[in-house]
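Below, each chain spelled out in residue letters.
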Amino acid sequence: MTNPPAVTLDHVSKWYGQVIGINDVSIAIDGGVTGILGMNGAGKSTLFKLLMGRIRPSKGSVRLFGTNPWDSTAPYRRIGYVSESERMYDWMTSIDFVSTLARLHGMTRSEAEFRAEQALSFVDLGDVLNKEIGKYSKGMRQRVKIAAALVHDPDLLILDEPLHGCDPLARTSIMNVIREMGSRGKTVLLSSHILEEIERITEQIVILHAGRLVALGNLHAIRAMLDKHPHRILIHCEDARALASSFIDKQPVYGVRFLDNERLEIMTKDLSEAHSILPALILESGVPIHSIENPDDNLESLLGYLVGDSR
Amino acid sequence: MIESDGAASLGEARIEAAYGSGDGDDDSSATVARPMQGKIFEQIYRPWNGPLGPRWVRNYAIYRHHVYGIVSGSGHRRYHPFVRLLLLVVILGSMTPILMLLLSTMVSDDATGFLNRMWGVNRYNLWGNVLGYFPRNLCMWPLLTALVVGGLISDDRRNGTSAIYFSRPVSRLDYAAMKWLSAASVLAIVILLTYMMYYSAAVVFKGEGWSFIADTIPIFIGGLFAGIFLVFTYTSIGIALSSISTSRFTASISFLGYILGSKLIAWLIEIQFNTTYVYMVSPYDCLAHVGQWLVGLPSNYDHPLALSVISLVAMNAASLAIFASRVASLEVTRE
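Which chain is which? The protein sequence lines are C and S, in order. Under our numbering, the first sequence has 193 at position 192, and the numbering climbs by one with no breaks. Under our numbering, the second sequence has 282 at position 70, and the numbering climbs by one with no breaks.
The set of hints was computed from the structure by calculation and includes no laboratory data. A hint or two may mislead.
To spell it out: a stretch of chain C is covered by chain S in this simulated footprint if at least three of its residues, at any positions, have a beta carbon under 8 Å from a beta carbon of chain S; those stretches are [as the list claims (entries may be wrong)]:
1) 48–59
2) 101–114
Simulated restraints, written as ranges between beta carbons of each label pair [to be verified]:
3) G186/C / I303/S: 49 to 55 Å
4) G67/C / I256/S: 30 to 36 Å
5) G285/S / G218/C: 48 to 54 Å
6) G67/C / R267/S: 16 to 22 Å
7) I425/S / R78/C: 38 to 44 Å
8) N261/S / G127/C: 19 to 25 Å
9) G186/C / P263/S: 16 to 22 Å
Some chain S residues well away from chain C (every beta-carbon gap over 10 Å; in silico) [unchecked claim]:
10) I256
11) L264
12) F294
13) A375
14) V382
15) A388
16) K418
17) E420
18) G421
19) T428
20) A529
21) A536
Being a predicted model, the structure only gives us computed values, none of them experimental. Each residue gets a CB set at the ideal place from its N, CA and C atoms; glycine is no exception.
With these hints in hand, go ahead and build the complete structure from the sequences.
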């Protein structure tokens, strides 16, 4: 008998009175890192609350490792959860806090202390584990939460906006942790409303909008499917017109717009093909380049393409 | 010009920035800090293959976490040193009869002597050790309960820390039961353990034999049951009040207000209208009434014992129902 997927949502809907939280969402996720993307109010928090058994679906079923989390706490033995808002005991040291939570998973005292030390070292807090959590920075607190979620070696890690409010060092450390967990075959779900953040960790995404599932799968594949929409490449260079003359007759470029003498916008329907020919053409033209950007490479643009005017 | 290490010019720049003594154009200099040497961080994840304990191990962890805070800084809440001192005073206060027993033994006080009458083992003193109004049920037990139970749920409600439990394999029943049990144990240690110590001390200090024990053990057990009812009732009422509040002060003061206020009102009504029926709303008096029956003392109340029993059951049931309903809604989004 095959093991059930870590996360299964089968035609799940959730209404808060007249307001729709999640609308007929069906997904199954097992293994690897998956980013849950959506603007504020898209339904990310509702999705996580459903997974953590904090709310019951109005329709459909939620399963974690084949068990309904509303009815049983058994799946939580295999889950590590990092909430965006969850508070900690600020007067406790991180080693005390994480080992206390390890004991809530059923570890003995010595196991919990040993394992808490390992988890804190993994998130780069090994040298401050005897410091009170209240004295930690936001990034360090976030890492304590991640250590607490990892302490029992869960098979499924659910992270609600784990990078929110973190400094660059903490972000890098947390991203490394997430990637490492994914590479070990664990299932990691993380939410964010910043596409770039997710893109640095995983290409596997779920995009929610207004409670609906609008896209699911590989980020590049999703982008490629949107070929009826133009993609823009913004080039900041010394001579925009000279550079444009070398692009204008090339496939897959179908349009060029000058924002000013130094900024050029190229329109294409195949972003990866355009990027593959771009370096050679720039070299050929001999025009010095300051920067190349993809202004459509954000969640808002992606959503714009996916849901069109219905936003 | 960029200086990489110039303490003097850094100080000058600070003064200028602070007081604006220069216009900044005289000397176009800047100071930059030397970059710190970075460290190489090796991130190695070590999997855990050990077994995770069963439900009782997890429940014991919750229980321990709540009791441990009284003596250590790593428990459910940080007890203020003054609160800890008060708890110590209550514990020592509840053990004073043992000292008086020792004193009565040392001065060879006979069975009818003052010290022995006041602190020796008899029905009145066994009842009074648990249910005596002054100082135990006026000052010590309600204060102890208020200090221990006040923040038990309200702190979690205010800080959102209950989510820590519900994201783990801890059911709401286990969470509620362990919270209740941890508070009840602290009360039991202070109230019941010192009561048992008092009885044991009386036997040991006076060198009493089996006949004394056989004579007094039923009264002792009656008092013990009265103490168990008191611990149960005070814990239930206290934890219910804590569960409907987000402030430990409000919960504590409400508890003290209810225990002492209901007693005061009932007493005022008794002296005014010569009826004891209103004592039914006072948890202390219901317990005292039942306690008098358990140790075989004449009742101070005119109303039937059954009414006090019914009142006690109703108080406990209502408190536990409130507590259960509040815990069921913790961290659950309203629909």
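Which numbered hints turn out to be false for this structure?
Numbers 7, 10, 11, 13 and 14, in rising order.
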